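Colleague: Let the sequences and hints guide you as you build the complete structure.
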Amino acid sequence: MLNPPQRTARKIKNLLPITTIWWREIIRFYRQRSRLFSAIAQPLVFWILIGSGLSASFRPAGATDELDYIAYFYPGIVVLVLLFTSILATIYVVNDRREGFVKGILVAPVPRWRIVLAQALGGTTLALLQGVLLLLLAPMTGIRFGAASFFLTLGVMALLAFSLTNLGLLIAWRMDSTQGFHAIMNLLLIPIWLLSGAFFPSTGVPSWLAWTMKINPLTYGLAAFRHSLYLDTATKAFGEETTWTLSMLITGLFCILTYMGATLTASAQTN
Amino acid sequence: MVDTEVLHSITTKSREPTADSQIQVKNLSHAYQQRQALDNISFDVSCGEIFGLLGPNGSGKTTLFRILSTLMPVTAGTVHIFGRDLATEVKAIRNLLGVVFQHPGLDAKLTVIENLRHHGHLYGLAGKTLRHRISELLERFGVSDRAAERVEVLSGGLQRRVEIAKALLHSPRVLLLDEPTSGLDVAARRQLSDYLGMLARTENILVLMTTHLLDDAEACNRVGILDEGKLVALGEPDELKTQVGGDVIIIESVDSGTLGPAINEKFGVSTVLTDAQLRIECERGHEFVRDVVAAFPEEIQSVRFGKPTLEDVFVKLTGNLFT
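Here the protein sequences line up with chains U and Z, keeping their order.
Residue numbers for the first sequence follow our numbering, beginning at 1 and rising by one.
Residue numbers for the second sequence follow our numbering, beginning at 1 and rising by one.
It should be emphasised that the hints constitute simulated quantities derived from the structure, not laboratory data.
If you're wondering where the values come from, they're calculated on a predicted model, not measured in any experiment.
Treat each hint with caution, since some may be false.
To be verified - If you only want the chain Z side, here are some residues facing chain U, beta carbon under 8 Å, derived: (1) 66; (2) 70; (3) 71; (4) 75; (5) 79; (6) 91; (7) 95; (8) 97; (9) 99; (10) 101; (11) 110; (12) 121; (13) 123; (14) 126.
We put the CB at the ideal spot given by N, CA and C, even for glycine.
Modeller: Printed below as a string of structure tokens:
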């Protein structure tokens, strides 16, 4: 039996690898500031150009006078920033693996689930920081934050960022080249975002598309995000056909499954 | 053609595993689908020695390195490191190993000290103990004055030294290095070899390295030669070279195919044809060179004469050139 100080020492010893891998993710991102800029600038440009362009001519089913397309598109853009940052944070795992750095971590006495957890927390922190920057623009779209909605929004964003980073890790741990990663990103990750209700609601779309959107886990993530954003705002966002409970439940489940998937993938790697 | 008699005499001459053998590899095999990468390999290594695994590309040394470094599981045979079974006690073994991979294992965007701190944390080192150990190693490897610089600005030789310092940070009992001299110039290679020698002597650490460079292998205390997944020779470099015997003469000719048998017949020697070159081992090589050139002045283009090297051992055992 270990006495209390020994137990504390062991806990610290177990935490150290997680904090050090997490810290490296943050410091490296900070030292390559152009990455910070590109992850936030591109979605912002999309939002301003597409949002303004479509506001005049395009009115999704259920739109009210108070809520134009720019406002509808806003939560989707925040999620896109989370997606881009998570992906950028994980794409470097591909390079790290090709070089010796990840091998050095793999031969250390650290279980793979802790390595993946640390990497996922690193990506989550970075995505969350970028997402919070974007939240500053929320009042422009009529959103009013109270303490409840603000902290709930942060929580949902953290869950989303954690799932998306793990989804990125799940791919990155299998890839030998960053080109392959980009291909998967264009073929899989961007469509997941497009069909999550970020760009257009599922009301009024052909039934096959509505079904695709229904089985897309990010649809529920985005719904949970909209719910939390508009918690303290009188005018509700449209596209709220998914209930708060269901969207949170599926978002939580998505979080766990992506993390388990990333851990299993990393555990199977021998280089 | 493999000279089975010599092979037998060399492999049986190798040491039997003893109580002080800290790495014991027994009947280790590994296959990738159809291809047999390692075929029934056995050897042992003790503390204080530098053991070299020499082999051309595709000989299986990378697979062996991956297994020893715990990246790949043992599928057939056994490996014991300090009495612990690699198949069942991976975590305990990982604490005993310091591993230097062929590809750079440092984060170029981090400083030297940040890289070392990161590594120390992975092994549960922190605080004063870690700081003390880092400064001690930086001092010993002569990189103290570069500690605060980013790794990307260091030369290849310095980076390799930092990597070795990193691998030694948690005081491992075994240092594994995969092609440690690749990408280094001659001076840096010599310096690295000196450092490894110093480590083996002063720290009583076991150093095991893979290499495809004959010069690197010559500097090891003992060498295992791998070819097509098999361990074809095991012993001290000098001991292996005496198995070749006498001198080695290499003759180049426009028509080596017919010159070989002609030389065999006239001088009663045995020539081996490898890659259009004729290799002959014989005593009193200087006299043989004089006689053979006099006998075949037209056919012979060039003659090289020398004492046997590890390459000659390889050629003798496998019948192939070491490439």
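Colleague: Let me make sure I understand: some of the numbered hints might not hold for this structure. Which ones are they, in numerical order?
Modeller: 4 and 5
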